[in-house]
Amino acid sequence: MRIFRGVFAHTSGRIGGAIVALYLLLAFLGMLGLTPHNPLMQYRIDRLHAPDGAYWMGTDLFGRDVASRLMTGIGQSFTVAFFSVAFAALAGTVLGLAAAWFGRRWDGILMRIMDVLLAFPAILLALLIIAVAGPGTWTSIVAIAIVYTPIFTRVVRGPALSLKAREFVDAARTFGSSPTYILTRHLLLNLVAPLTVQVTLALAWALLTEAGLSFLGLGTQPPAASLGLMLSDSRNLMETAPWLMIFPGVTIMISILGFNLLGDALRDILDPRMRRSIA
Amino acid sequence: MNYLMRRLATFPLVLIGVSIVVFVAIRMVPGDSITAMLGTEAGLLTPQQRDALAAYFGIDQPWFIQYWHWLLGLLQGNFGISSTYGKPVLGVILERFPLTLELALLSMIIALVVGMPAGVFAATHNEKLSDLGVRMIAMIGQSTPNFVLALLIIYTLSAGFGVLPAMGEFSPLWQDPLRNLGQLLLPAVTLGFAFAASVTRISRSAMLDVLSDDYVRTARSKGASARSVIWRHALPNALIPVVTLSGIEFGYLLGGAVIVEQIYALPGLGRMVLDAILQRDYALVQGSVLFIALNFMVVNLLVDLTYVALDPRIRLREH
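Top line first, the protein sequences correspond to chains A and B.
For the first sequence, this note's numbering assigns the number 1 to the initial residue and increments by one for each residue that follows.
For the second sequence, this note's numbering assigns the number 1001 to the initial residue and increments by one for each residue that follows.
Among the hints, erroneous ones may be present.
[To be verified] Reference listing, derived: stretches of chain B covered by chain A, where coverage requires no fewer than 3 residues with Cβ under 8 Å from a Cβ of chain A:
no.: 1; stretch: 1023–1032
no.: 2; stretch: 1144–1158
no.: 3; stretch: 1284–1296
Keep in mind that the hints were calculated from the coordinates and are not lab data.
Cβ coordinates follow ideal geometry from the N, Cα and C atoms, glycine included.
Bound-form chain A, shown alone:
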């Protein structure tokens, strides 16, 4: 509750939160099929129809309603982003805690593996994974999750190491608490703040990476709608039907802006030391 109150009291938090809430609502409506038109239906007679009362954001080359496709596209992009960040956060937390808890050899081995993964630029590692597994939604989820796992591992391992050396952890050990209890109650609970900030910022990166992969034709495959794919399809029709480029482009931009603003606000609220330096 404290976090929610903090977000509402913070200007960036309010704007970011409102944007994310609006996108979630649109995605939810799109998933329920509550769109102005069927996003896959081709209204051939209305191909490349400019935005008006019937088609709020116009139609594409096949006569499909852009607004409806955007709603389902937001759902698709958010699904990929949420699943990939959830997997990355889970794997990164487990690996980070394991590295900090077991220390020495295990810490060395795990962190060198993470260093290897961090040695690849993110999009390149994602491309390499897609080259192995073939393009598609689930491949994108796995690729993005693998790319961001090392970041979560580092975010968890550092604070977990210092928490492990604190007196209250020694006290818990002395009182006979099990390692699982100490890891979950004493270490993990104290890591919720940095993890929350990291998850929010990682969602912005994941949306960006998903849109990039789909733009290159290596993410979501047609006829399913995704923001990056819609933008890519608009390239050859930019002059005759600019709405095909403008609406998906602005939609991607605002979604990333929403998560960035929310992430900044959360960092501000959960880490008061950062408050002064947040730009």
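Add chain B to chain A, keeping to what the hints say.
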């Protein structure tokens, strides 16, 4: 062992790890490399011919022997032969690298020239309307994917001014510098925009931190002018995070701006990797991914060394 020594000691280990990941990943691609090389003609091979080819390319050996041979080849500069270009992989990579390097440098120059003064300006006008304006623009810049910006630039140019970015055959810098800059300016602006936004945010926060330090207060109390306090006393210390960020971003750009190179039809490293993946040119994918990862690691190491040089406190810190 201090930080610098540890960083240098782990470098070869990580490099070997990277080469194993690349090698194993390529071998996990569905289908065998003989089919990838010969295409549909592979179906005409008899089992004996296929075995003979497998023995010739050494792919009948266990993976660790294959890896060892590949590693020895790499050490001698032999990255294999690209099936798309019919040329040695290293030669194909080195043909494209100057463009990627030039694009990365231009983007970094744009980012620093725009981002640093904007960050300093925002910090010295903290919490004023102008600071809010700079912060808003920086936040929007950071949230704009480069492919969205690239399309918006192309659309604005073509719809508003009736011109298109200079595409066509790429002219290297040493052949036709003007045409070269004309071809690279818009891609560099596209990449430099988000980069400048990050530089603005980090320089602003670093300047705010430094401006509240005791030595800056001392300089002010000694009667130093506002300009001298900002440029002579505060800025050099605020540069450390800017150098780190710029180095990391530059390292990313050296990996090739895959999407921007694709949109502006530039024959750089990023577009080459993408084409190699789409055309299943595995030798080229393997060689170029390793080359890019190596570049990225070297740049990150140089950033760390610069960081240590700029802030000697890190040199002796235990990690």
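Hints, verified against the model:
{"no.": "1", "hint": "1023–1032", "verdict": "holds (count 5)"}
{"no.": "2", "hint": "1144–1158", "verdict": "holds (count 9)"}
{"no.": "3", "hint": "1284–1296", "verdict": "holds (count 5)"}
Going through the hint list in order, the structure satisfies each hint without exception.
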